[in-house]
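There are 2 protein chains.
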Amino acid sequence: MKKKFLLKKIISILKKKGLSKKHSKISANYLIEAELFDARSHGITRLKMYCDRIKKGLINTKPKIKVKNINSSVSYIDADNCIGFVAAEIGIDKAIQNAKKTGIGLVAVKKSGHYGLSRFYAERAVKKKLIVFCFTNAPPALAPFGSRKPLFGTNPICFGSPTGKVPFIFDSSTTKINRGILRRADKLGLKIPSGLALNKKGLPTTIAREALLGTQLPIAGFKGSGLAWMIDILSGVLTGSSHSGKTKDPFDDFSGPQNIGHLFITINPNIFSGNNFFKEIRKNIKRVKKLPKAKGFSSILYPGERKNKIYKKNMNKDISIPRKILKEMEVLDANK
Amino acid sequence: MKKKFLLKKIISILKKKGLSKKHSKISANYLIEAELFDARSHGITRLKMYCDRIKKGLINTKPKIKVKNINSSVSYIDADNCIGFVAAEIGIDKAIQNAKKTGIGLVAVKKSGHYGLSRFYAERAVKKKLIVFCFTNAPPALAPFGSRKPLFGTNPICFGSPTGKVPFIFDSSTTKINRGILRRADKLGLKIPSGLALNKKGLPTTIAREALLGTQLPIAGFKGSGLAWMIDILSGVLTGSSHSGKTKDPFDDFSGPQNIGHLFITINPNIFSGNNFFKEIRKNIKRVKKLPKAKGFSSILYPGERKNKIYKKNMNKDISIPRKILKEMEVLDANK
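Protein chains in written order, with the working numbering: chain A, 42 to 377; chain B, 42 to 377.
There may be inaccurate statements among the hints.
As the list claims (entries may be wrong) - Residues from chain A that face chain B, not an exhaustive set, calculated with beta carbons under 10 angstroms:
1. K44
2. L47
3. N317
4. I326
5. S340
6. Y352
7. M356
8. V372
9. A375
Simulated from the structure, these hints should not be mistaken for laboratory data. Every residue gets a Cβ at the ideal spot worked out from N, C-alpha and C, and that includes glycine.
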């Protein structure tokens, strides 16, 4: 489907459900961005979920978003349960502003919802020549080390840095497989590789549905579990949002708003050694790329490069949407 | 050996080599702390290395440490190649001060050396009721994903948070095995478990020496490699220090000072939701601990708890030192 047409379609559907024109535009844009990054688990497949939550009043279509500037570096945002994309965009823009003023920005967002990919907001800061951390929590997916019940989300770590060229964007969940990929596999009846998740009984599974009802395995055992816990503290406890398993699953739990929290930290890389930073990071990347390659590798890519290539390639193509999801869109478009 | 006696001995040795009384005391204290945490790879086994570097003039015994306050949140420290423990302690104390003033502290340290465990400095901030990140770089140990030559250090991620009780301290290298453990295993002729490192030819090895000359494997493949790269940018490039493989190995490379960088980020957890933070983090920990346990687990510990127990147990015992290291100390003590 043509991108332009698809964008219009999504905006029209979101508006029909009651979202404002502005919020519909912002949200539709990020859903398309996810498709362009081949992060299809965070793309159009989620449109129905957002619509369901809007219809049920769990995403606030007329939010009173409050931005409190605690000082010139630190701000606190109450997103009033607006759609996550909008809350996060306001949050990262505030963090960018703050870092431009003082060298460091710290912004907490509470009462938000699922915001798509952390990468979106990291790129926004990196394009303004800032270093950035984005943290967000997510509904239970991962069992803390020593437990057999999921409680932490897939809690991604996202870090970005300008390089002078393609942004360095490290964006990785603390689970071996992303939950969105599980969701999409379940919807489309695809199997998942083994060794990534356990079923409810604690046994390995390759069936997406069983994994969703069971536990996703953390990267690196107790280290991944510790990182997920760290992110639960930063994005949940610190921001005054849901945490320790209380973040509602946007697909399954309609008992209230998600109350997700985000934390953005931005740093002006010029603050310590001036423009030397840009000289040195170019050297850094050049040195790594020149290393002798491992078997099966013809080049070494830094985090963000592969995704950037995918994005550019997809920019020149139409977006292909599985029939099942197309049908979902038709139904969404037909009903108020 | 009695702790008090050991402390005196180490101070006396360091002073004999030319370190000031103050710097000797600070350094000896952290070497003992490492032993108490059972992080023996960062304990007395390193004393000879520090002495060698002092003797060769690579650790500056009369440094002119400059602290530049860029603003009330951000400071930049030129440690003038002093011993790493001292540089890091000055750095974290500045970061603590800044966060107490504005809610956020950002401190970069350049021209430093190996500072022991990141945990030391994280605990210092947590004891002042702050959330903290400590980043430091290290000499080449890990091959970037796609390469077969080590370039990044074991680059630890360290995060701390107050809990009202035992500090939450996540301190983990981005490699599957710590380099210090390899060093100590090599010194004492111990084998290492398989699957953690490759030899120079890229083949798995359990011989510490081969692993030291080869490559340590990252946690979680490309994710661990990406995290190590992130830390190289934060502690190396951003601080204006060595990076991308240019950090000198303190044991093997006497061609100049290490020029290691550290980055400390401190956050006052009260800044967003006041004392609610402490109420919520207690809830957070309680909820996780109450989860049903996995097979073989009788309790769930948060990062830092196990080490805290070890520390307390060791506090009531003498420190046992392998004969080989005792001999090393005797030689160090005998010679100027």
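Hints violated by the structure (listed by number, smallest first): The structure breaks hints 1, 2, 6, 7, 8 and 9; every other hint is satisfied.
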